[in-house]
Amino acid sequence: MQGLPFQPEQASTIARSVDQLYLFITAITFFFTILIFSIIFYFMIKYRRRSPDERPKAIEGSLPLEILWTAIPTLIVAVLFVWSSSLYFRNAQPPPGSMEIFVTGKQWMWKAEHPEGQREINELHVPLGRPVKLTMTSEDVIHDFFVPAFRVKKDVLPGRYTSLWFEATKLGTFHLFCAQYCGAFHAGMIGSVIVMEPDEYEQWLAGGVPGETMEAAGRKVFGQNGCGTCHVADGTGLGPSLLGVYGQQVPLSNGQSVVADDAYVRESLLIPGAKIVKGYKPIMPSFQGQLTEEQVLDLVAYIRSLGQEQTKPKEEGKK
Amino acid sequence: MPDVHAEHAQIDHTGLAHQFEDLDQQQDADTLGIWLFLVTEIMFFGGMFAAYAIFRWLYFAAFAGGSHILDIRLGAANTVVLLASSLTMALSVRSAQTGNRRALVVFLILTMILGGVFLGVKAYEYNQKFVEHIVPSLDWAPEGDVLARLAPGGLNHAQLYFFFYFAMTGLHALHMIIGMGLLFWLVLRARKGSFTPRYFAPVEVVGLYWHFVDIVWIFLFPLLYLIGGRY
Amino acid sequence: MSTATQAPRAQAPRNYLNADYGWRSWLFTLDHKRIALLYLVSVTLFFMIGGFFAVLMRIHLVEPQGALVQPETYNKLFTLHGVVMIFFFMIPAIPAVLGNFLVPLMIGARDLAFPKLNLLSWYIYLVGGIFTLYAALAGGVDTGWTFYTPYSSTYSNTQVTAVAVAVFITGFSSILTGLNFIVTIHKMRAPGLTWYRLPLFLWSIYATSIIMTLGTPVLAITIFLLALEHLFHVGIFSPALGGDPLLFQHLFWFYSHPAVYIMILPSMGVVSEIIACFARKRIFGYKVVGFSSVAIAVLGFLVWGHHMFVTGQSVYAGLIFSFLSFLVAIPSAIKVFNWTSTLYKGSISYEAPMLYALGFIGLFTMGGLTGMFLASLATDVHLNGTYFIVAHFHYIMVGGTVMGYLSGLHFWWPKISGRKYPNGWAALSAVIIFIGFNLTFFPQFILGYLGMPRRYAFYPAEFQVLNVMSSAGASILGVGYLIPLIYFFWSMRYGPVAEANPWGATGLEWQTSSPPPTENFAQTPIVTEEAYAYAAKEETSGA
Amino acid sequence: MSHQIVPLKTYVLVFVSLIGLTLLTTAVAFVDLGAVNTVVALVIAFSKMILVMLFFMHLRHSGGLVRIILLAGFFWMALLIALTMSDYRTRTWISPPDAWSITAPPTHP
Ligand code: HEA
Ligand code: HEA
Ligand code: CUA
Ligand SMILES: [Cu+2]
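Quick mapping for you: the protein sequence lines, in order, are chains A, B, C and D.
If you're matching positions, the first sequence starts at 0 in numbering that gives the first Met the number 0 and goes up one per residue.
If you're matching positions, the second sequence starts at 0 in numbering that gives the first Met the number 0 and goes up one per residue.
If you're matching positions, the third sequence starts at 0 in numbering that gives the first Met the number 0 and goes up one per residue.
If you're matching positions, the fourth sequence starts at 0 in numbering that gives the first Met the number 0 and goes up one per residue.
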């Protein structure tokens, strides 16, 4: 507990700025509450009824006053709006080059998956002083990833990727809560975020169960599901080659085109019919239900890698 | 709908309820009441239209595909039927105004019949959906030609379309049925001769309701049958 | 039953209470005053039930691992607590009880425009209530009062459908009530009663009715879709078929945010009446206060997205909704300041209603201002889904609305029952409630800021101290609520008989006898002056 | 409400034009106007509604209050749709990972 009493730890780069705003609003709240209360008490004493039949003379009201106490709150909220929105906007977008971790929520546990392949449950290990971006999704209902000490929170929705980012500024273990009601053990869907020195973190990644990288895992899934039968590297297959697709504009059969991002790839697997690549038939089967969210994430990671490493032909699918 | 002209303990032969000063005040209140009620109906359907608007925008291909499965001729025909019923309804009100009891009864019955025809056609269309196995979640297994036409937009999204089709037309049909019940009640009262050129608020009010239901269909027709052209 | 002999109001031998006896004369009554009492009884009952759930929750939360029940049960407790308190206590409370009783009296009418509709609303409400109780007994429901999909639609195997039906049904009750009020206020005002002579209570009831008629239907359709989805798994709210959970939230909050103004506006109206009466002063800036009610009602429809800042709603939509949420604060601010300045140079007496009303102002101010933390995007990210939210809305709904409701009950009780209650006890209960309330809910602000999420059946030990404080406060609060319960019952039998106008208040309802005759007024009153002509003389002219 | 009795002719004329519009909108559906199809369909639907309201529902004769209330109704419905859309339409504007099919660009206005 540092800073003020009754203040949660400040363990991320944004915590302090959020708290400043928080304190500012607190000050406003106390100011007006005390103001109103004290005026009321003052009047109650000063103008208490002295004789049962006294008849104070009427006061119409006063335009200047009305304008004044319309203007003051307006100004205050204007300040609040600009301040809070700019802060929020800043915190909404992860800084470029932040390391990425994938999180899936599930009644009632948190699963984290590091690109290097480390998997953990209800724990999240992160290095100190490096911006971390979480790409999150849920296998069932809506959950919410909430780390009070970092002042970050984001709902984790099924069938969709949401993301948040933070940069830890403090070593130690912090609460991880599920802040969106998700059923019987909502209260039990808690874990801890463990902030380590970067080199310790590297060791931690290396140590423990030597899980394969997500990319490798993805390649395996790719093989197991016979994706390769249609997606052949040289594009001669029933489906388009997936080399160099990720991150690029993909022309669609309806004349539009979309950027092939995580979401698009995900959709292509689960709802193939939604967007048809130009020049191909909508024959790709949906893998909805056959792939767990983690497998999908692995595939996404794999197809990403195909997108980046143009210089690795004949890789894809062929084994 | 607001039970206007409450048959209050103290209702007198002119149909004036005790809480009102005179018939004009009462009729003012009645019309205002029913219009307010219609506004709540607008919002009721509005919520559904909002949902519809969003998914139509997101999954346009699927919605167009689904829309093209529907029989546009039946849709158009039903629109005509319903408009006709609106006409007869308007004429019933008019006969009430002119105090022509026989005409009133006849037109009310005509309106009911037309309403019945509309529902009949709808029932037939619903049945078709079962035949074609395109009833979301209850009987969803499109095949052959239907499948081919739905596939491009994605079957799941097509299912959403048909959910909206059934939900919207179903709610509308429900309103029709309620309306016909009210019409029946009017017929009974009209034959008893409880309506005079001075007092016919119930006819007017039910009329407004019936026209509103008609208007809802006026929108449902293009929104469900005419998505993205038939060319 | 409305064949009341219209006795001269000097000695009102016959009134709406003794006009007729026997259960039929109550269950089939078309008299707005009797219907108001029907509502009063049922609403109080539901408050007890909801409060009972609250008590159980607070006991349970005394220990970190949960002292009383299984987590599943706890989830059902707060869900039912929320549903009952919101839909079956708070929304009908002031409009359907005080509104029903007062609207015709205040405009000098014999009844509402549609008495049968009025009775129908009560029965509809009752059916909805019975459904809820059935659901509660038949296993309860555990979705939270917000029914978020896909949990409610796909995963919860509790009585979701039953409760959905219940809420759906009750919705129509408040739609019809609102409709009835709007028509009545428009068409049935006594001669001379212009809009600017209306008591502010009617302004706020009018604004409330607008929300009820325009908002509630959307809730109805939303719940309808939810039920369909729960029964058939159609999937417009769950991603399986490409549906979107957020759509449900949009539709739900489109009603449920305005609904919070359904809950607060009538209270504001009550307070305006009472401040004026006990300061013997015209409300400062009458028109401003009146129009601010309408402004709140309208703006209130534009801010629902502030419940979805962290749910994956578009950042830009978030900005819009945040901005609008701040706007809605301004008319509320204006009201508070005008009430305060009404006291200026008044002649203030401290009867119980006044104490409650002042309590309202203070607690509403605080609750409302904590809304600023939540309307601010950056801070809401941290506070969303924590006890800060719980504290925020209890400050407004319990500290605000319930306080206002009680002050209204105390103010008009002599008119309603024809009896007086012991003022000392009333004042005492006001103080107890004020203290107990703050002890219950202030710690929850801190809990929230420290990060304790809401809807937690058990929690990390470090939060225990504050939770115990909160529970202690709740028990005081409960006692505070029981005292009025007792002396109101007492007064009905033993209370000293109340004269027509015990507070020396203006307003037509005080012109007729207490309790009023079934027809309200011997002859339709004629209004010749503004609502709060306290300065002038003892009695405003009129009937 | 004032009660002039509307001549039969008016009713019939209105009815005929309603039928006409119905046929028109159906016919237009078979002509490829791209995005405009939707617009035309809605415009026609609106004009049909106006006709029904003005004549069958006697909106012409009913007071301003009724009209205001009606407008309010449509305005609120527009609010609901517009503000909800404001979310869906802008979701893709920021940080791609937040985006997925539900926020894909429309394949048709
Ligand atoms: C009667 C009920 C009621 C009322 C009146 C309000 C009023 C307000 N509420 Fe509240 N709110 C709820 C009931 C209510 N709320 C409930 C039940 C929830 C939770 C739902 C759930 O999730 O279960 C909630 C949640 C809630 C949220 C969502 C939080 C979250 O889930 O993340 C937000 C966010 O903006 C919010 C904001 C506001 C604002 C800005 C007001 C404003 O109207 C307040 C305006 C009043 C004032 C500002 C005070 C008076 C002004 C002055 C004394 C002058 C000085 C003022 C300034 C300088 C600005 N509320
Ligand atoms: C108008 C609405 C209203 C009212 C009046 C109250 C009143 C109270 N509420 Fe309520 N509350 C809500 C609306 C309301 N609440 C809502 C909407 C939620 C959100 C639900 C959700 O998350 O879905 C909530 C949630 C909520 C929580 C959070 C639960 C959680 O998130 O885990 C808590 C916890 O303390 C709480 C406590 C209380 C208390 C102590 C009172 C006290 O004021 C109650 C005092 C009253 C009494 C004590 C009754 C008096 C009678 C007796 C004492 C007799 C006892 C009864 C019998 C013997 C039969 N409420
Ligand atoms: Cu997961 Cu709450
Ligand atoms: Cu809100």
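Calculated directly from the structure, the hints in this document are not laboratory data.
Be a bit skeptical, because a hint or two may be false.
Straight-line C-alpha distance at most 30 angstroms; calculated DSSO-like pairs for lysine-lysine [stated by the list, open to error]:
no. : chain 1 : residue 1 : chain 2 : residue 2
1   : A       : LYS56     : C       : LYS286
2   : A       : LYS280    : A       : LYS219
3   : A       : LYS219    : A       : LYS169
4   : C       : LYS286    : C       : LYS344
5   : C       : LYS419    : A       : LYS45
6   : C       : LYS344    : A       : LYS45
7   : C       : LYS115    : B       : LYS191
8   : A       : LYS277    : A       : LYS219
9   : C       : LYS344    : A       : LYS56
10  : A       : LYS45     : A       : LYS56
11  : A       : LYS280    : B       : LYS191
12  : A       : LYS45     : C       : LYS286
13  : C       : LYS419    : C       : LYS344
14  : A       : LYS132    : A       : LYS219
Calculated from the model, a selection of chain D residues having no Cβ within reach of chain C, i.e. all distances over 12 angstroms [said to hold, decoys possible]:
no. : residue
15  : ILE4
16  : VAL30
17  : LEU32
Only a predicted model underlies this, so the values are computations on that prediction, with no experimental measurement involved.
Each residue gets a CB set at the ideal place from its N, CA and C atoms; glycine is no exception.
Hint by hint, here is what the structure shows:
For the hint pairing LYS56(A) with LYS286(C), the CA-to-CA distance comes to about 19 angstroms; that is within 30 angstroms, so the pair holds. Pair hint LYS280(A) plus LYS219(A) holds up; C-alpha atoms about 26 angstroms apart against a cutoff of 30 angstroms. In summary, the hint linking LYS219(A) to LYS169(A) is not supported, as the alpha carbons are separated by about 38 angstroms, beyond the 30 angstroms threshold. Only pairs whose Cα atoms come within 30 angstroms are accepted, and LYS286(C) paired with LYS344(C) is accepted, the gap being roughly 20 angstroms.
At most 30 angstroms may separate the alpha-carbon atoms for a hinted pair to count; LYS419(C) and LYS45(A) meet this at roughly 28 angstroms. A distance of roughly 8 angstroms separates the Cα atoms of LYS344(C) and LYS45(A); the hinted pair therefore holds under the 30 angstroms criterion. Taken as a hint, the LYS115(C) and LYS191(B) pair is honoured in the structure, with Cα atoms around 22 angstroms apart against an allowance of 30 angstroms. At roughly 27 angstroms between alpha-carbon atoms, LYS277(A) and LYS219(A) fall within 30 angstroms of each other, so this suggested pair holds.
A hinted pair counts as satisfied when its Cα atoms are at most 30 angstroms apart, and LYS344(C) with LYS56(A) qualifies at roughly 8 angstroms. Taking the CA atoms of LYS45(A) and LYS56(A), the gap is near 16 angstroms; set against the 30 angstroms cutoff, the hint holds. For the hint linking LYS280(A) to LYS191(B), the alpha-carbon distance of about 68 angstroms lies beyond 30 angstroms, and the restraint is violated. Under the criterion of a C-alpha separation no larger than 30 angstroms, the hint pairing LYS45(A) with LYS286(C) is consistent with the structure, at around 27 angstroms.
Annotation: proposed proximity of LYS419(C) to LYS344(C) holds, straight-line Cα distance about 29 angstroms (limit 30 angstroms). Restraint check for LYS132(A) and LYS219(A): satisfied, since their Cα atoms lie roughly 25 angstroms apart, inside the 30 angstroms limit. For ILE4(D), the requirement that its beta carbon stay farther than 12 angstroms from each beta carbon of chain C is met, with the minimum near 24 angstroms. Against chain C, the non-interface label of VAL30(D) holds: every CB pair exceeds 12 angstroms, the least being about 30 angstroms.
Separation of LEU32(D) from chain C is adequate, the least Cβ-Cβ distance of about 28 angstroms exceeding the 12 angstroms criterion.
In terms of the numbered hints stated before, the structure departs from hints 3, 11, listed from lowest to highest.
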